[in-house]
Amino acid sequence: MVWAESVPRVWRERVRKYRLIGGRCPSCGNVTYPHRLVCPFCGYEGLEPIELPRRGKVVTFTVIRHPPRGFEGREPYVIAIVELENGARILAQLTDVRPDEVRVGMEVEGVFRKFREQSSSGIIEYGIKFRPVI
Amino acid sequence: MAGRVYVIGAGATKIGEHWDKSLRELAVEALLAAVKDAGISKREIEALYVGNMMSGQLQGQEHLGALVATWAGIPGVAACKVEAACASGGVAFHQAYLAVASGLYDCVAVVGVEKMTDALPSDVTAALATAEDQEYVVFTGASFVGLNALLYRLYLEKYGVKQENVASFAVHCHKMAVANPYAQFRRAVSLEEVMSSPLIADPIRLLECAPVGDGAAALILCSEGFLKRNPRDEIVEVTGSSVATDVLSVHERKDPLDAAAFRRAVEAAMRMSRVEVNDIDVLEVHDAFTILGVLSLEVTGFAPKGEGSRLVVEGELEPGGKIPTNTLGGLKARGHPVGATGVYQILDVVLQLRGKAGPNQVSEAEIGMAQNFGGVAGTVAVNVLKRVR
Numbered sequence: 003m004v005w006a007e008s009v010p011r012v013w014r015e016r017v018r019k020y021r022l023i024g025g026r027c028p029s030c031g032n033v034t035y036p037h038r039l040v041c042p043f044c045g046y047e048g049l050e051p052i053e054l055p056r057r058g059k060v061v062t063f064t065v066i067r068h069p070p071r072g073f074e075g076r077e078p079y080v081i082a083i084v085e086l087e088n089g090a091r092i093l094a095q096l097t098d099v100r101p102d103e104v105r106v107g108m109e110v111e112g113v114f115r116k117f118r119e120q121s122s123s124g125i126i127e128y129g130i131k132f133r134p135v136i
Numbered sequence: 482m483a484g485r486v487y488v489i490g491a492g493a494t495k496i497g498e499h500w501d502k503s504l505r506e507l508a509v510e511a512l513l514a515a516v517k518d519a520g521i522s523k524r525e526i527e528a529l530y531v532g533n534m535m536s537g538q539l540q541g542q543e544h545l546g547a548l549v550a551t552w553a554g555i556p557g558v559a560a561c562k563v564e565a566a567c568a569s570g571g572v573a574f575h576q577a578y579l580a581v582a583s584g585l586y587d588c589v590a591v592v593g594v595e596k597m598t599d600a601l602p603s604d605v606t607a608a609l610a611t612a613e614d615q616e617y618v619v620f621t622g623a624s625f626v627g628l629n630a631l632l633y634r635l636y637l638e639k640y641g642v643k644q645e646n647v648a649s650f651a652v653h654c655h656k657m658a659v660a661n662p663y664a665q666f667r668r669a670v671s672l673e674e675v676m677s678s679p680l681i682a683d684p685i686r687l688l689e690c691a692p693v694g695d696g697a698a699a700l701i702l703c704s705e706g707f708l709k710r711n712p713r714d715e716i717v718e719v720t721g722s723s724v725a726t727d728v729l730s731v732h733e734r735k736d737p738l739d740a741a742a743f744r745r746a747v748e749a750a751m752r753m754s755r756v757e758v759n760d761i762d763v764l765e766v767h768d769a770f771t772i773l774g775v776l777s778l779e780v781t782g783f784a785p786k787g788e789g790s791r792l793v794v795e796g797e798l799e800p801g802g803k804i805p806t807n808t809l810g811g812l813k814a815r816g817h818p819v820g821a822t823g824v825y826q827i828l829d830v831v832l833q834l835r836g837k838a839g840p841n842q843v844s845e846a847e848i849g850m851a852q853n854f855g856g857v858a859g860t861v862a863v864n865v866l867k868r869v870r
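Here the protein sequences come in this chain order: A and B. Note that my numbering has the first sequence beginning at 3, numbered continuously upward. Note that my numbering has the second sequence beginning at 482, numbered continuously upward.
So that you can see chain A by itself, here it is in the shape it has in the complex (with noise of 0.2 Å):
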């Protein structure tokens, strides 16, 4: 599998992904999406966790026309750079959006979905994608 199939992962992640939360660097004053102990920027060793605001806009984006294992199925979908308000950026897949649709400034925020299925038996994976702000 290339992917790794694995219960535990999913569980240590859930925080990190289904609340947002980033780490913000005493130090140099960067966010960075997940949270992690060590800023990548300025090497400064303590990153305090913060939950990111879920409103954003698209940096940039592509459209996923052949997706890799796990994601069959589901093309074509969107995947985007989204800075958030507080300038911390994140990668995320859009939803609720035809491709066609999607613009390059584009006000997002960010919705809790499912992304995958760990085999037909397997853990489901859930997680914060993105859709347009109405």
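Source of the hints: derived by calculation from the structure; they are not laboratory data. Quick caveat, the model's predicted, so the values are computed rather than measured. We treat Cβ as the ideally placed atom computed from N, Cα and C, and that holds for glycine. Wrong hints could be hidden among the right ones.
[Said to hold, decoys possible] Label-pair distances were calculated between CB atoms; the ranges are: (1) B:GLY520 - A:GLY89: 56 to 64 Å; (2) A:PHE43 - B:PRO785: 25 to 33 Å; (3) B:GLY541 - A:SER121: 14 to 22 Å; (4) B:GLN615 - A:SER29: 23 to 31 Å; (5) B:SER522 - A:ARG38: 45 to 53 Å; (6) A:ARG14 - B:SER677: 40 to 48 Å; (7) B:GLU638 - A:VAL17: 33 to 41 Å; (8) A:VAL106 - B:SER677: 20 to 28 Å; (9) A:VAL9 - B:GLU705: 50 to 58 Å; (10) A:ARG16 - B:SER522: 57 to 65 Å.
[Stated by the list, open to error] Some chain B residues judged to face chain A by a derived CB distance under 7 Å, without partners named: (11) ASP604; (12) ALA610; (13) TYR617; (14) VAL618; (15) THR621; (16) GLY622; (17) ALA623; (18) LEU631; (19) ARG634; (20) LEU635; (21) ILE681; (22) HIS732; (23) GLU733.
[As the list claims (entries may be wrong)] Pulled from the structure, derived: some chain A residues nowhere near chain B, Cβ distances all over 10 Å: (24) SER29; (25) ARG56; (26) SER121.
Dock chain B against chain A, hints included.
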């Protein structure tokens, strides 16, 4: 003080769909060809570095160092696999360089190999995506092509460049590959064919992507002392070798088009070699997607930002142009057996510096540079080679 390092042997398999050959057979074929080319006994090899990305996923096979050494008939050598996504080959070469430059070994082999056609396309797509963060990026359903497409759209919007101009990079590579007996696609394509090929991840079209293929390339590196004991006519020296990394995920980088690792690796390799950008006679860029080829020309310093595609359109990448680039087809048409690519690039530079590049020979080529990306330039290996008179 690092010792001098030379490339004295080069060999490769044709790139393509090798249904009848296994990963190990491809690796051994290339390695033995390189040994023969060097005119040495394979018993002289003291260490072996195998550049490969996906054998664990596509063949269920790891431990390639001992495997390839055994099948090549040189068990006993120091050997290991080197993995850095699509930069595995370039980084493996860097390790081989370090092994000789350190003075520990006098004769070292590097083999890049990838066997991609054993697996289903969706599995290859998933395996390539392991270059990115599995838990927070690939989890979203992003493919590796898709991540590069994010950059492509940013680039087109930021600089107002027409996609046709960037896509011309593929036309150039196919034109060059016609003369390369190792190439996967020895046929020209038109810009119309590229622009009407199916979308893979918007705006990237099928013919803007390097193909899936199998192949292996090998090089023999040696010290100054070894070269004196085993003299040969065409001598190529490795004058600069560097590897740099960037923040792994594109969305976390301050400016996704900045290519920080790439800039660092190019600067370091040129400083080591004591060359300026205009001294470079032949260039191999990592055009896994047309946009990466164009960006590479700009970051290396051959064109201002946003204007790299002009060099392509005006024919400046061809032999005789301002900067002959991917003269044997590049990733797009020579082929991109992922972990082998970095070694094929250096091999193509070696052929040019030896004056053995065939119809696309660049006259009086003295200095060549090979640039190999892993992930979305998360790892970059840059190697500079020079002909020794």
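The hints, checked one at a time:
no. : hint                            : verdict
1   : B:GLY520 - A:GLY89: 56 to 64 Å  : holds (60 Å)
2   : A:PHE43 - B:PRO785: 25 to 33 Å  : holds (27 Å)
3   : B:GLY541 - A:SER121: 14 to 22 Å : holds (18 Å)
4   : B:GLN615 - A:SER29: 23 to 31 Å  : holds (28 Å)
5   : B:SER522 - A:ARG38: 45 to 53 Å  : holds (51 Å)
6   : A:ARG14 - B:SER677: 40 to 48 Å  : holds (46 Å)
7   : B:GLU638 - A:VAL17: 33 to 41 Å  : holds (35 Å)
8   : A:VAL106 - B:SER677: 20 to 28 Å : holds (25 Å)
9   : A:VAL9 - B:GLU705: 50 to 58 Å   : holds (56 Å)
10  : A:ARG16 - B:SER522: 57 to 65 Å  : holds (58 Å)
11  : ASP604                          : holds (6 Å)
12  : ALA610                          : holds (5 Å)
13  : TYR617                          : holds (6 Å)
14  : VAL618                          : holds (5 Å)
15  : THR621                          : holds (5 Å)
16  : GLY622                          : holds (4 Å)
17  : ALA623                          : holds (5 Å)
18  : LEU631                          : holds (5 Å)
19  : ARG634                          : holds (5 Å)
20  : LEU635                          : holds (5 Å)
21  : ILE681                          : holds (6 Å)
22  : HIS732                          : holds (4 Å)
23  : GLU733                          : holds (6 Å)
24  : SER29                           : holds (16 Å)
25  : ARG56                           : holds (16 Å)
26  : SER121                          : holds (14 Å)
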